[in-house]
Amino acid sequence: MKYVAIIRQVPDGESKIKVDGGKVSLEGATLILDQMDEYAVEQIIRLKEAAGGEAVVVAFGPERTEEAMRTALAMGADRGVLITAEGYVDPITQAAALAKVLAEEAPDVVFSGGQQADWDSQALGPAVAEALGWPSVTWTTAFELDGASAKATHDLDEGAEVVKVALPAIFTAQQGLNEPRYPTLPGIMKAKKKEIKKIDAAELGVSASKVEILEQQIMELERQGKIIDGSKEPAAAAAELIRLLHEEAKVL
Amino acid sequence: MILTFMDHDGTKLRKSALESVTRARKLAQTIGGEVVGLLVGPGAETVAQEAKKYVTKVYTVSGPDWQNYTAEKWALAAYAAAEAAGAKVVITPASRSGRSWSPRLAFKLNAALLEDTLDSWAEGEKVFASKYSFLNRVLEKQAASFPAVISVKPNTTPLAEPAGEGAVAALSVELGEVENKVEVLEKISESGGKVALTEAEVVVTGGRGMGSAEAFGMIEELADLLGGAVGATRAVIDAGWRPYGEQIGQTGKTVQPNVYFALALSGAVQHQAGMNKSKVVVAVNKDPDAPVFKESDYGVVGDIHQVLPVMIEEVKKLKNA
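Residue numbers (our numbering), protein chains in the order written: chain G, 1 to 252; chain S, 1001 to 1321.
Treat the hints as calculated values from the structure; they're not laboratory data.
Where hints are given, some of them may not hold.
With a straight-line Cα cutoff of 20 Å, these simulated PhoX-like cross-link-like pairs (lysine-lysine) come out [said to hold, decoys possible]: (1) K1141/S with K210/G; (2) K1187/S with K210/G; (3) K1319/S with K250/G; (4) K1279/S with K18/G; (5) K1294/S with K226/G; (6) K151/G with K1187/S; (7) K1316/S with K250/G; (8) K250/G with K1317/S; (9) K1088/S with K210/G; (10) K1279/S with K250/G.
Derived contacts from chain S toward chain G, CB cut-off under 8 Å, selection only [said to hold, decoys possible]: (11) R1104; (12) A1112; (13) L1135; (14) V1168; (15) K1187; (16) V1282.
Covered by chain S, according to a simulated footprint, are these stretches of chain G (three or more residues, beta-carbon under 8 Å) [to be verified]: (17) 181–194; (18) 225–238.
Heads up, the beta-carbon is just placed ideally off N, CA and C, and yes, glycines get one too.
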């Protein structure tokens, strides 16, 4: 069997964001394999380890995405395919190009992260699935292969459900699915020699982005910070808190 | 035409449906055309009696094939309705399910997807939207051409008022190949999930400082008293005290309630990503230097096991007053 993880490179959530000229600037930012994609990469490596086959990472992004792809290869993926395009391209447009690569790779199972840490988008996995005419299951917390289908547990708006899905199919991953491994030193050394095939997005007939980002600004709400010291008289502090919420904030 | 997907629970519309109608009406004022609705799944006919008060026409898609939600089926129904209505814009809720099927719909329609939007408007031949990005830390403005699929972030938009009496039309949608690809084997209900977390006006979240799964009984009690929902941090989920569906943060759900209680949690950046747009944030933590206090409007420095029971009693007094 063949397993694919669709990955992206994003700024580390722990690092500060800068805006320059009305756009987010990633200059100097620490760029990492999206933490949500780590679950996807871990899952395809586990599938390969359990049943054999090949674990391939696929991405659409700027040249620098290769660094994140090397991380996935260091974790244990076999090889990578990177569709290169500089600048912002929306997930729906990306999906058409990724679908072409996936149609050629013909995997049985595809995983990707549940939400992207830069665009806060959840669209890529379902859009690629639509482009291929495959089923998609989002927010997967448990997964097992069962012949030509897979059994997956995933979260809904309320609660969760267990589904049986005909393969090939695309699943988006979230915390709980697995515990992603750290790349080992030998893993990192091996990853340097693993193949990353690069394809220019233009060769795949990628059209212009359907969505344009006009401006971005850092958005932090001012908080009042009215903190009551309840270390000595917790009951009085709790009562005062509820009084403030009721009378001053008027939210209770 | 503008098509608005109207989410419902089988007997009545969800709040998100009325937010979507407001957005649809706003766009209709600029680009013209009528607002038509779509109801999918069990109970669509019943809910249509309520839904038709908000739109000029409401399509229903239901029957034996439509008992269980799958992203493929819902996208197919929305596509059929969009085609039938000749829709230039489709408005959907940015719920988990809405965000799972709306990308599929956008691809089918070769449309732009404006995802999880705070607001949306049109000028000339362009549609615009604002949304958060970079883990909820950046506000951005996006532009696209028509056709467009716009998902509406919950709790961002005023609820629409009824405005007349529209028509109801059953729409027959052939499932074709999509039919048997996803089979639902089992439903798992969320414990204590009386209110959908992402739609709740009040969210009460406990962190590792709660100390045990049992201590979440107090969290549930406060949430119930306030008609709210229970949340949990990643540490709590990892400890197995609460189900995954309750996780707030980067790898969990994003909420934006009126009041957010951050109880016995430190306030890591990953957690902030899931709640930092709440209107009022209330924190209780025994550590005065916990980062959560910097992100709070009100707070108490103190032992949660002494503070929370009194909070509950005081809220009960308010309710009985």
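Outcome of the hint check:
no. : hint                : verdict
1   : K1141/S with K210/G : holds (14 Å)
2   : K1187/S with K210/G : violated (37 Å)
3   : K1319/S with K250/G : holds (14 Å)
4   : K1279/S with K18/G  : violated (24 Å)
5   : K1294/S with K226/G : holds (10 Å)
6   : K151/G with K1187/S : holds (13 Å)
7   : K1316/S with K250/G : holds (16 Å)
8   : K250/G with K1317/S : holds (16 Å)
9   : K1088/S with K210/G : holds (15 Å)
10  : K1279/S with K250/G : holds (12 Å)
11  : R1104               : holds (4 Å)
12  : A1112               : holds (4 Å)
13  : L1135               : holds (5 Å)
14  : V1168               : violated (25 Å)
15  : K1187               : holds (5 Å)
16  : V1282               : holds (7 Å)
17  : 181–194             : violated (count 0)
18  : 225–238             : holds (count 11)
Of the numbered hints stated above, those contradicted by the structure are hints 2, 4, 14, 17, listed in ascending order.
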